[in-house]
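Chains as they are written, first to last, in our numbering: chain W, 1 to 334; chain C, 1 to 269.
Calculated directly from the structure, the hints in this document are not laboratory data. Check the hints yourself; a few may be wrong.
What the hints assert, rightly or not - Here chain W is said to cover these stretches of chain C; the calculated rule only asks that three of the stretch's residues, wherever they fall, bring their Cβ under 8 Å from a Cβ of chain W: (1) 56 to 66; (2) 226 to 232.
As the list claims (entries may be wrong) - The calculated lysine to any residue pairs, modelled on SDA-like cross-linking and capped at a C-alpha distance of 25 Å, are: (3) W/K161 with W/F8; (4) C/K189 with C/V130; (5) W/K135 with W/F8; (6) C/K189 with C/V224; (7) C/K189 with C/H177; (8) W/K167 with C/R90; (9) W/K21 with C/Y67; (10) C/K185 with W/F8; (11) C/K185 with C/S207; (12) W/K21 with C/R152; (13) W/K161 with C/R116; (14) W/K21 with C/R90; (15) C/K185 with W/R7.
Keep in mind it's a predicted model, so treat the numbers as computed, not measured. Just so it is clear, CB atoms sit at the ideal spot from N, CA and C, and this is done for glycine as well.
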Amino acid sequence: MILDLPRFVEAERPHWTALEKTLAWLETNPGGKLTIEEAARFHELYERAGDDLTRVASFAAEGELQRYLAWLVSRAYAEIHEVRHHTPFRPWRWFTVEFPNTFRRHVRAFQLAALLTLLGAVFGGGAIHYDPDAKAVLMPFDNLRITPAQRVAIERAQEGKQLSGRKGSFSAQLMTHNTQVALTALALGMSFGFGTVILLFYNGLLLGAVALDYIAGGQTTFLLGWLLPHGVIEIPAILIGGQAGLVIAHALIGWGDRSSRAERLRHISRDVVTLAGGVAILLVWAGLVEAFVSQYHEPVVPYGLKIAFGLIEALLLTTFLARSGLSREARDAR
Amino acid sequence: MRAETVLIRTPEGIEFALPLAGPFSRMLAFAVDFAAIAAAGMLLARLLAPLQLFSADAAQSAITVLYFAISLLYGILTEWFWRGQTVGKRLLGLRVVEASGLRLRPSQIIVRNLLRFVDLLPGLYLIGGVCCVVSNRRQRLGDIAAGTIVVRTPQLKEPDVDQVLGRKFNSLAEHRHLAARLRQKVPAKVAHLALEAILRRDEIQPSARLVLFREFGEYLKHVVSYPAEMVEQLTDEQYVRNTVDVLFQHSSLASPETMKRKLSVTTDR
């Protein structure tokens with residue numbers, strides 16, 4: 001018990017002020033390091049403030065003082081007890097090693113995302129095949145309501161000039177829109193995966209319906225030439241967004257894992273961030289290709305060249321995701 | 001049941017409570033941040049306007065991409081550089097901290113900001129708001145995934161107790177042991193209510209004021225009994241004023257800035 005509170009406060013204030021100054025320095029210099037002596041003094045001040053907090057707790061009228069000391073102690077606690085290793089961010093290493101490794105670590109979630117999209121595509125294609133009247137519902141886009149042959153004729157007649165003077169802004173819109181879709185697929189993992197599953201299925205449904213419409217209209221070559229250059233990057237990127245969503249859902253549900261939900265979520269948070277970053281980079285590339293390559297058709301750019309370009313991209317992406325960042329030990333172990 | 005605070009016990013045995021921020025203050029902070037992003041977008045459009053002279057397409061694409069980047073990265077960067085605070089949180093006195101009281105990690109900041117996409121659904125922050133209201137620790141989905149909480153940072157202000165007595169003599173402060181007991185036994189809420197009643201006395205109707213100070217006086221006399229000869233000459237209001245002076249005047253905590261000005265620092269880093 002403190003009988004003379006004013007004297008106690010006057011005696012302790014310099015120590016609180018010193019602790020606060022050190023905290024302010026540490027908080028404004030995230031990479032700053034204390035010397036051994038400074039660290040020892042910092043720890044001593046922290047313990048002293050903690051002791052003061054305990055003593056002041058018996059003085060109910062000193063709510064303001066208690067709150068101040070609790071805030072001081074909590075900040076010092078965060079600095080002193082934070083021992084988790086912080087690795088510096090190296091962009092190239094992150095993209096070429098951490099991203100593909102994370103992708104492979106959760107490859108089952110990617111496979112599930114691909115399967116859901118495929119199921120959606122089969123459903124969409126089947127719906128268009130068996131019920132052509134459903135086209136207006138499944139493809140609610142004005143330019144998709146005319147026949148594929150009409151669309152191809154219009155596109156070819158424009159010779160890539162339909163985006164003349166606005167390729168850059170079109171590319172920017174594609175990048176931002178697709179990133180939003182992929183990040184929504186990721187974030188919907190917090191609905192225990194239901195939202196992610198629905199979004200992936202719906203994306204597949206649209207894709208399947210459009211693809212079958214072109215194939216049934218005899219425009220398969222045009223479809224491949226139009227879709228492959230950007231689609232081989234864009235579709236996997238959105239699937240990786242869905243993969244991250246399914247990883248979150250798995251951590252929330254916790255099948256076969258006895259750790260707490262908070263621990264499971266903490267465990268996957270870095271992986272989710274890595275997948276999200278990888279998705280954003282892939283979608284920037286896909287947006288550029290869609291605006292500057294995909295919109296040119298024959299006779300400006302031969303379909304064969306566009307298809308070949310898309311296939312090469314697909315091969316490179318597959319190789320990158322499957323092989324990049326594999327350590328020699330991991331390769332030997334296979 | 002929803003908690004008002006999060007209690008943390010350190011390995012050294014120190015226990016402290018972090019007061020959780022309510023949904024309303026968080027909503028206001030978000031509104032400020034939303035306005036800050038919109039202002040940044042407008043500023044960006046003005047800054048890039050000259051680019052339109054060379055290429056309208058390039059200017060438009062730069063605005064689209066940069067605005068998207070700002071809206072996505074605003075929360076991440078401000079919370080990283082300001083230790084869990086955005087402009088809105090700074091103004092409202094809020095801060096994001098790890099649920100266990102430790103320092104925020106970059107991945108936690110990114111996750112809680114990325115998951116805003118789902119918290120915002122179906123519009124007007126509905127999912128996030130409902131989660132914040134019903135969750136034990138007032139967390140939105142982004143907070144749950146990242147293992148973070150939003151707490152109120154204390155606004156440390158020295159109460160203006162000079163108005164309580166002016167320069168008048170306070171007989172109650174003479175008995176230091178009774179003054180100490182008073183400070184120990186009077187609950188913080190009552191002490192602040194009494195101070196508030198004195199500071200706002202002129203706003204209270206005279207009849208209501210008499211009743212109010214009589215009730216305060218009776219309560220305070222019940223908590224600690226002073227010798228009868230000391231208090232019999234004092235009105236109820238004067239008794240409450242003297243008591244509040246004892247409670248606050250000699251023990252109130254100055255703001256950190258005031259402390260730094262007033263006191264010489266014995267330890268420097």
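Status of each hint after checking the structure:
{"no.": "1", "hint": "56 to 66", "verdict": "holds (count 8)"}
{"no.": "2", "hint": "226 to 232", "verdict": "violated (count 0)"}
{"no.": "3", "hint": "W/K161 with W/F8", "verdict": "violated (80 Å)"}
{"no.": "4", "hint": "C/K189 with C/V130", "verdict": "violated (30 Å)"}
{"no.": "5", "hint": "W/K135 with W/F8", "verdict": "violated (80 Å)"}
{"no.": "6", "hint": "C/K189 with C/V224", "verdict": "holds (17 Å)"}
{"no.": "7", "hint": "C/K189 with C/H177", "verdict": "holds (22 Å)"}
{"no.": "8", "hint": "W/K167 with C/R90", "verdict": "violated (40 Å)"}
{"no.": "9", "hint": "W/K21 with C/Y67", "verdict": "violated (37 Å)"}
{"no.": "10", "hint": "C/K185 with W/F8", "verdict": "holds (18 Å)"}
{"no.": "11", "hint": "C/K185 with C/S207", "verdict": "violated (29 Å)"}
{"no.": "12", "hint": "W/K21 with C/R152", "verdict": "holds (21 Å)"}
{"no.": "13", "hint": "W/K161 with C/R116", "verdict": "violated (38 Å)"}
{"no.": "14", "hint": "W/K21 with C/R90", "verdict": "holds (19 Å)"}
{"no.": "15", "hint": "C/K185 with W/R7", "verdict": "holds (19 Å)"}
The structure is inconsistent with the numbered hints 2, 3, 4, 5, 8, 9, 11, 13, although it conforms to all the rest.
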